[in-house]
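All chains should be modelled from the sequences, with the hints used to inform the complete structure.
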Amino acid sequence: MEKDSFKEFINKDFQQEVPSFDFTQDVMQKIELASENKTLIEPLIPKKAWWIIGAFYSFLLLFPFLISMQENTILFLEQINFGGFDYQHIKENLQLIFNIIFVFAALTLGDILLKSRKWA
Amino acid sequence: MKDTELLIQQVQKGDLNAFSSLIDQHKNLVYSLVLRMVKNSQDAEELAQDTFVKAFKSIKQFKGDSKFSTWIYKIAYFTSINHLRKNKLLSSSIELSTIESQDSSVLEELDKEDQQQYLNKALSYLKPIDRTLISLFYLEELSIKEIEEITLFSQANIKVKLLRIRKQLNGILQKLLKHETQGILKS
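Sequence lines, in order, name chains A and B.
Heads up: the first sequence begins at 1 in the numbering used here, then just goes up one per residue.
Heads up: the second sequence begins at 121 in the numbering used here, then just goes up one per residue.
Bear in mind the hints are in silico, worked out from the structure with no lab data behind them.
Only a predicted model underlies this, so the values are computations on that prediction, with no experimental measurement involved.
Where hints are given, some of them may not hold.
[Claimed, not checked] Think about it this way: if two alpha-carbon atoms lie no more than 20 Å apart in a straight line, the pair counts; the simulated SDA-like pairs of lysine to any residue are: (1) 30(A) to 128(B); (2) 30(A) to 162(B); (3) 30(A) to 140(B); (4) 194(B) to 17(A); (5) 30(A) to 174(B); (6) 241(B) to 17(A); (7) 174(B) to 24(A); (8) 30(A) to 173(B); (9) 174(B) to 36(A); (10) 183(B) to 129(B).
Structure (structure tokens):
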């Protein structure tokens with residue numbers, strides 16, 4: 001589109017409005033304020049702490065069960081059918097799998113926490 | 121222009137002082153655009169500041185596909201549109217728009233000194249978006265393609281709108297001058 005004679009009247013000589021003298025400073029203050037607010041929003045309890053709390057409560061819940069398991073270990077192992085899937089012993093099999101997963105999860109979590117410098 | 125690119129890279133790396141320089145480079149343009157849209161200096165100041173804060177927050181998303189000025193104009197444009205929409209001012213102005221315009225530019229009949237004054241007055245009668253289109257094309261001398269990037273109107277639509285607004289502006293100027301002449305005659 002050609003700008004033609006209209007451009008002669010509306011051109012760069014047309015007065016350009018300017019913002020206040022402190023404009024840049026005000027924007028920078030707003031940005032800094034926004035960054036500070038961002039920091040404040042950061043949760044007081046970090047995610048890792050929630051994991052530990054979760055693991056601790058899981059352990060508390062499972063503690064009586066683990067104790068009874070220990071007492072009946074020999075009997076319990078005899079009951080497990082390693083030869084194939086046995087519907088009658090499904091409960092015992094699931095309990096064993098759950099315990100193994102729990103131990104692995106606890107070890108992995110411990111490993112992560114030990115490696116994490118931030119946490120240390 | 122290379123300075124701007126360098127500054128953007130520095131800001132993207134977290135340099136706040138570089139962003140301060142970017143503001144200095146673009147504040148007048150952004151403020152002018154916003155002021156022409158909202159017609160209120162206090163609101164314009166606030167919205168122009170918000171524009172830069174928004175730009176800072178999303179500067180990592182700026183890939184340099186368009187000019188930085190176009191990018192920040194787009195933010196300013198939509199920040200102003202949102203403000204006008206919130207305050208139900210988006211389709212305000214133009215009571216003189218019923219006037220049939222003539223093809224010849226009325227401005228040609230004016231002294232150079234009066235042109236700016238009358239143009240300012242006439243522009244204030246336009247709808248905010250129309251005022252912005254005129255400003256971007258004639259005052260900031262942006263291309264139709266750049267205006268398309270900012271406003272998201274199609275290029276064909278922008279061309280049609282500009283022609284219509286120009287006619288409208290001419291009509292408003294005629295009306296304003298007529299009022300002025302009548303005022304002088306009465307006094």
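Cross-check of the supplied hints:
no., hint, in the structure
1, 30(A) to 128(B), "19 Å, holds"
2, 30(A) to 162(B), "16 Å, holds"
3, 30(A) to 140(B), "12 Å, holds"
4, 194(B) to 17(A), "19 Å, holds"
5, 30(A) to 174(B), "10 Å, holds"
6, 241(B) to 17(A), "15 Å, holds"
7, 174(B) to 24(A), "14 Å, holds"
8, 30(A) to 173(B), "7 Å, holds"
9, 174(B) to 36(A), "16 Å, holds"
10, 183(B) to 129(B), "10 Å, holds"
Of the numbered hints stated above, none is contradicted by the structure.
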